[in-house]
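**Q** Next come the chains, spelled out residue by residue.
Number of protein chains: 4
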Amino acid sequence: MIKKGFASDNNSGAQPQILAAMIEANQGHATGYGDDEYTRRVTELFKEHFGDDVDVNIVFNGTASNVLGIMAAGRSYNSVICTDTAHINVDECGAPEKVAGTKVIGVPHENGKLLPERVMPHLHGFGFEHHSQPGILSISQVTELGTVYTPDEVRALADLAHSHGMMLHMDGARIANAAASLNLPFRKFTRDCGVDVLSFGGTKNGMIMGEALLFFRKEFSQGFKYLRKQHMQLFSKMRFVSAQFNAYFKDNLWLTSAMHSNKMARLLENKLEDIDQVQITRPVEANGVFAIIPEHWIAPLQNKYFFYMWDEAVNEVRWMCSFDTTVDDIELFVAEIRKLAQNG
Amino acid sequence: MIKKGFASDNNSGAQPQILAAMIEANQGHATGYGDDEYTRRVTELFKEHFGDDVDVNIVFNGTASNVLGIMAAGRSYNSVICTDTAHINVDECGAPEKVAGTKVIGVPHENGKLLPERVMPHLHGFGFEHHSQPGILSISQVTELGTVYTPDEVRALADLAHSHGMMLHMDGARIANAAASLNLPFRKFTRDCGVDVLSFGGTKNGMIMGEALLFFRKEFSQGFKYLRKQHMQLFSKMRFVSAQFNAYFKDNLWLTSAMHSNKMARLLENKLEDIDQVQITRPVEANGVFAIIPEHWIAPLQNKYFFYMWDEAVNEVRWMCSFDTTVDDIELFVAEIRKLAQNG
Amino acid sequence: MIKKGFASDNNSGAQPQILAAMIEANQGHATGYGDDEYTRRVTELFKEHFGDDVDVNIVFNGTASNVLGIMAAGRSYNSVICTDTAHINVDECGAPEKVAGTKVIGVPHENGKLLPERVMPHLHGFGFEHHSQPGILSISQVTELGTVYTPDEVRALADLAHSHGMMLHMDGARIANAAASLNLPFRKFTRDCGVDVLSFGGTKNGMIMGEALLFFRKEFSQGFKYLRKQHMQLFSKMRFVSAQFNAYFKDNLWLTSAMHSNKMARLLENKLEDIDQVQITRPVEANGVFAIIPEHWIAPLQNKYFFYMWDEAVNEVRWMCSFDTTVDDIELFVAEIRKLAQNG
Amino acid sequence: MIKKGFASDNNSGAQPQILAAMIEANQGHATGYGDDEYTRRVTELFKEHFGDDVDVNIVFNGTASNVLGIMAAGRSYNSVICTDTAHINVDECGAPEKVAGTKVIGVPHENGKLLPERVMPHLHGFGFEHHSQPGILSISQVTELGTVYTPDEVRALADLAHSHGMMLHMDGARIANAAASLNLPFRKFTRDCGVDVLSFGGTKNGMIMGEALLFFRKEFSQGFKYLRKQHMQLFSKMRFVSAQFNAYFKDNLWLTSAMHSNKMARLLENKLEDIDQVQITRPVEANGVFAIIPEHWIAPLQNKYFFYMWDEAVNEVRWMCSFDTTVDDIELFVAEIRKLAQNG
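Those protein sequences? They're chains A, B, C and D, same order as listed. Taking our numbering, the leading residue of the first sequence gets 1, the next gets one more, and so forth. Taking our numbering, the leading residue of the second sequence gets 345, the next gets one more, and so forth. Taking our numbering, the leading residue of the third sequence gets 689, the next gets one more, and so forth. Taking our numbering, the leading residue of the fourth sequence gets 1033, the next gets one more, and so forth.
Simulated from the structure, these hints should not be mistaken for lab results. Being a predicted model, the structure only gives us computed values, none of them experimental. It cannot be assumed that every hint is accurate.
In silico lysine to aspartate or glutamate, EDC-like type, Cα no more than 20 Å apart, as pairs [to be verified]:
no. : chain 1 : residue 1 : chain 2 : residue 2
1   : A       : K218      : C       : E725
2   : D       : K1257     : C       : D779
3   : C       : K906      : A       : E219
4   : D       : K1036     : C       : D779
5   : A       : K4        : B       : E381
6   : B       : K648      : A       : D35
7   : D       : K1257     : B       : E473
8   : D       : K1036     : C       : E907
9   : D       : K1336     : C       : D723
10  : C       : K913      : D       : D1123
11  : C       : K692      : D       : E1056
12  : C       : K913      : A       : E129
13  : A       : K304      : B       : D379
14  : A       : K218      : C       : E712
15  : D       : K1250     : B       : E381
16  : D       : K1036     : C       : E817
17  : A       : K4        : B       : D379
18  : A       : K4        : B       : E368
19  : B       : K648      : A       : E37
20  : B       : K562      : D       : E1251
21  : C       : K992      : D       : E1069
22  : A       : K225      : B       : D435
23  : C       : K906      : A       : E129
24  : B       : K348      : A       : E37
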């Protein structure tokens, strides 16, 4: 066990309820590959949240959810337009390119968000066979910079996409934190705003593993079960992922967790406000805090707490809060920073 | 929960120790993606079994282990030669072809085994650019028909492969059952017999998920961590898979489990011996029993117990035993069959 | 220049009219990539032969025509069922697997033909996600063994395919020879018999290069121009391929050529008939002659004439005739064989 | 035949010598797939230009040359860094991504050139498995904006690449124009400056088709013949491409052609100099002229001459000269522009 830090919400473990559900699911036999009661229950739960005709597909991780979502929603000759900071652009080791065959175009972000006006210069070359055909807009909700798209912002991008015959994909690795931040049901800022395909993540919010790839268009589902299997994403003892999702939704565990980690981030932001040398660089809208700190603080602080540099050029750091971050954790961390501040 | 049946060893749940280990691992933070103490311990354990220079790579499932193993050991223009019953040939929905780009050639098996003399007609066209270059022999240990290669048989195939500049891959989805059957350490019938790359499975023997892809040649490891990530097989909270492997190896849990399921299969075989209408079709060497039964038995029996047809043309069925199959399970099942036999 | 032999119909050069048409096309500027009068004319010509709604796509070679045809007519998780001797199975270095991602299943042939009854055992696993979904039957017309499917045979395979929701692809590398052999318009044994996608070759019958990929189903055309470009098959100065096709169809050059090469093969067969040591092994229905000859003849004969072994195990050889094979060529070749026969 | 325009150097036809060589090659039989005297001669010619150990591989077109060059020089998890205007980035419909699996990163150009200081921010994440590993720098010589890298500029990029364990690829679609512009032998600004893999184009300078992919590192050649075949780029009657290359090199036809088209571009530039409304936007260093002209000129001018807009936002046009552009063509075109200028 390493010291609890602020490196990533996937460094935290699992909510106890998640593991308890797995143990509960460990009774007798269940047909493999998703033909089991736990998985059927997951589908029902997602239908409650997203509508009866949502197509639910469990895959192993976020990379797979994003890549197979893109594959289902487009063809190899399509391009995917996202921010230059998007996870699919910089943190998947080229998986969309290799597996889906698509070109990924990263455009400059605004606090992590994709802006329609920056997408538009790339919406050309339709029908011109030499040009990767713009096919998908992809946004991350929460963004990689801890900001949250409003429903209007999502809708504007969906409209832009649809008016060009394109699709809108949402990478919801931290979608629970977005829902908590917006204080809205999932559906209100996804499907109802025009999102066509959604990677619904749970791992970063207290699950052990497993992501749900949701399709809001029937045509994406066609043949998808074969694509999932062929791309090595079919879980054999699927009940053990499904049980986690069941626990995740039960009593709104997802919401409690996400509200808490968001709150911890705001607390951290508040407590840092009066430290002059710390400059918060992004709106704190979910569970991440981005800040520029003096360069000579970084080594001693990283010595005590594990966290990542966001932009080494300007000494911008990223501090992520998790479901298990406590007020004490925040206070001890801030105390450490204060010590550095006092020493100049 | 469905009635315990004989459908597949992945219909069983997990050993309690496996889940206990996951709970134990759920303490505090751990760096994601494998840079944690649990994963380091897994590597050590595999080194104890396979030698200090084995390269250990955890992936999500058996499909991935097989496909990425093939990818690492060959090039897209290589062909993989296996039996026509091999999992990679008939049960991966074309994953090796799509993901690794390789041609898969299935040759007629002998009780599930690949015979050198049936491979040899395919060892031609070397250097001829129109021909997929024979690159890999792939065998399943235990085979899909419940038989087990002897060390000599493995070595003969390895020698055949190596003498043609080819590699030997072993799909060890049920490798623990093979070890139990042969009463040999893993190494003695894999690496020491010339296996170059091994998919080491645990899911079918009481783990929840997770496979280890082992390389016995340094050159396969080059760049593999990028291939794993790019092919969507990097686990974020990896400690929860690694903890399972740790428990799997502890006190030889793997061996106890595998010995038990093998024993249950032999028990089933023995108890069926004096039922004339049941014809055991394959040597029972691990945890599967294959038999031809009267066609009109199938529906009533499947009504009570879930199991798969192996070859509908001849009414050959497959009955798999698991770590959790009990003597009672066997006796009740055989009693059911006896009833059918008495009714003609 | 090597001695004219019987190795392959692609060892011959080009019909003079083909080159003349290229020279004629070499006047002034023409828009690149197919937006030129020569290419429009090719499309018209194919429409005359195959119907107004045929979709015509020029690609570089037969490999590309076959692979992109398969890609357009199926998905990566489909399997392609063909004979074990099919070009796409043994002579494309795994291109269908790597590029289209499909599994290719070769079944035993009957004189090069795919028989419905040998296909049927592979028509299973529909809807089962572990199994490559049978998607395409692919046949070669003329077959790799010089035989020609009758319209009834084609129709039977098309019906079998369509009744299982599958498509029928025809590799028409030697389609002109088939038309000449059957004495039928192209359409009568392709589209009218249920062929869905056709690789229409010209290179082996006197063109320099260039193949036409014809779609008889509108849905295959969707987005195909992007797939062609993305898969590196878009010709920049396309008029120079299109001009060849124009010349190929003019005054039925294709037919004259094919009739001639077929005739030469029959002549060769006839002249060999009374040589006891030569056993013709396949019906001579197009421009190829297959024969078993004494092993000790092979080296001296290959010393004088370039040709390929078909099956070394039984000393079966393949002799291909071309548009430029002359009666003299045949007579000299047979004389050489007679000499060998006389020497025992 | 369309009116000669300034759209693209691939709208021109072929040099008469090229077609004459094809006719000359059309004698008797030649072994297919490159085992012929014409292809052997091509190899010798390239060795004369690039050194005895160059590996010469003929493919169909520039797309293939670039994509297979990248594939041979890297792995799927590598990224290729080029300018945002690079042909491989914007004009291959995503072929590098789909076929080689690589990520392509376009960085802002300077008159079409890749600058080391703009590459450097992308040279990070080495060893970090989430990040596409920077593997290849790719430059176009002549650039897409008609400028030519000096040997020093090439060397600086090669040094940058090599110092990071990366490779330098050159897209030489217009390499003859570069050689003519620099007045240097090919080798002096390619291999001798550190280029590792070169796409050597002839089509845009008077050939009909065919590109040569040259490797200056032995390790790239390993298995490449299989990759070429598997990726549908093996020419069956290869002598007809090789004959073109032979003619292309004979009596320095390539140089005469390239010098001429370069000269025509300079002539066009000169003649436009005193027309105030025409603003030449890029250094005219090869056969292309880029200019901003009044928006209302574009339609009437395109009505008479076919050419492409480069940047519609600022009315920047591209005028390409070919080997067959005459002084008269230039004068008539300029006269047309003068007429527009006089009318305001």
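**Q** Run every hint past the structure and note whether it holds.
**A** Results of checking the hints against the structure:
Restraint check for A:K218 and C:E725: not satisfied, since their Cα atoms lie roughly 42 Å apart, outside the 20 Å limit. This hinted pair checks out: D:K1257 and C:D779 have alpha carbons roughly 14 Å apart, not beyond 20 Å. The suggested pairing of C:K906 with A:E219 holds, with an alpha-carbon distance near 18 Å, which does not exceed 20 Å. Between D:K1036 and C:D779, the direct Cα distance comes to roughly 43 Å. Violation of the 20 Å bound is thereby established for this hinted pair.
With a C-alpha separation of about 15 Å, the suggested pairing of A:K4 with B:E381 holds against the 20 Å cut-off. Taking the CA atoms of B:K648 and A:D35, the gap is near 17 Å; set against the 20 Å cutoff, the hint holds. As the CA atoms of D:K1257 and B:E473 are separated by approximately 6 Å, the hinted pair is consistent with the 20 Å bound. This hinted pair does not check out: D:K1036 and C:E907 have alpha carbons roughly 37 Å apart, beyond 20 Å.
With a C-alpha separation of about 18 Å, the suggested pair D:K1336 and C:D723 falls inside the 20 Å cut-off, and the hint holds. Note on C:K913 and D:D1123: the hinted pairing holds, with a Cα-Cα distance of about 14 Å set against a maximum of 20 Å. Among the hinted pairs, C:K692 with D:E1056 is consistent with the structure: their alpha-carbon atoms are about 16 Å apart, no more than 20 Å. Taken as a hint, the C:K913 and A:E129 pair is honoured in the structure, with Cα atoms around 6 Å apart against an allowance of 20 Å.
In summary, the hint linking A:K304 to B:D379 is supported, as the alpha carbons are separated by about 18 Å, within the 20 Å threshold. Between A:K218 and C:E712, the direct Cα distance comes to roughly 52 Å. Violation of the 20 Å bound is thereby established for this hinted pair. For the proposed pair D:K1250 and B:E381, the alpha carbon gap of about 42 Å is over 20 Å, so the pair is violated. For the given pair, D:K1036 sits about 56 Å from C:E817 by alpha-carbon distance, which is inconsistent with the 20 Å threshold.
For the suggested pair A:K4 and B:D379, the alpha carbons sit about 15 Å apart, so the restraint of at most 20 Å is met. Under the criterion of a C-alpha separation no larger than 20 Å, the hint pairing A:K4 with B:E368 is consistent with the structure, at around 16 Å. A threshold of 20 Å between alpha carbons decides the hint, and for B:K648 with A:E37 the separation of about 18 Å falls inside it, so the pair holds. A distance of roughly 18 Å separates the Cα atoms of B:K562 and D:E1251; the hinted pair therefore holds under the 20 Å criterion.
Between C:K992 and D:E1069, the direct Cα distance comes to roughly 18 Å. Compliance with the 20 Å bound is thereby established for this hinted pair. At most 20 Å may separate the alpha-carbon atoms for a hinted pair to count; A:K225 and B:D435 meet this at roughly 14 Å. With a CA separation close to 18 Å, the supplied pair C:K906 and A:E129 stays within the 20 Å bound. At roughly 15 Å between alpha-carbon atoms, B:K348 and A:E37 fall within 20 Å of each other, so this suggested pair holds.
When each numbered hint is compared with the structure, violations occur for hints 1, 4, 8, 14, 15, 16.
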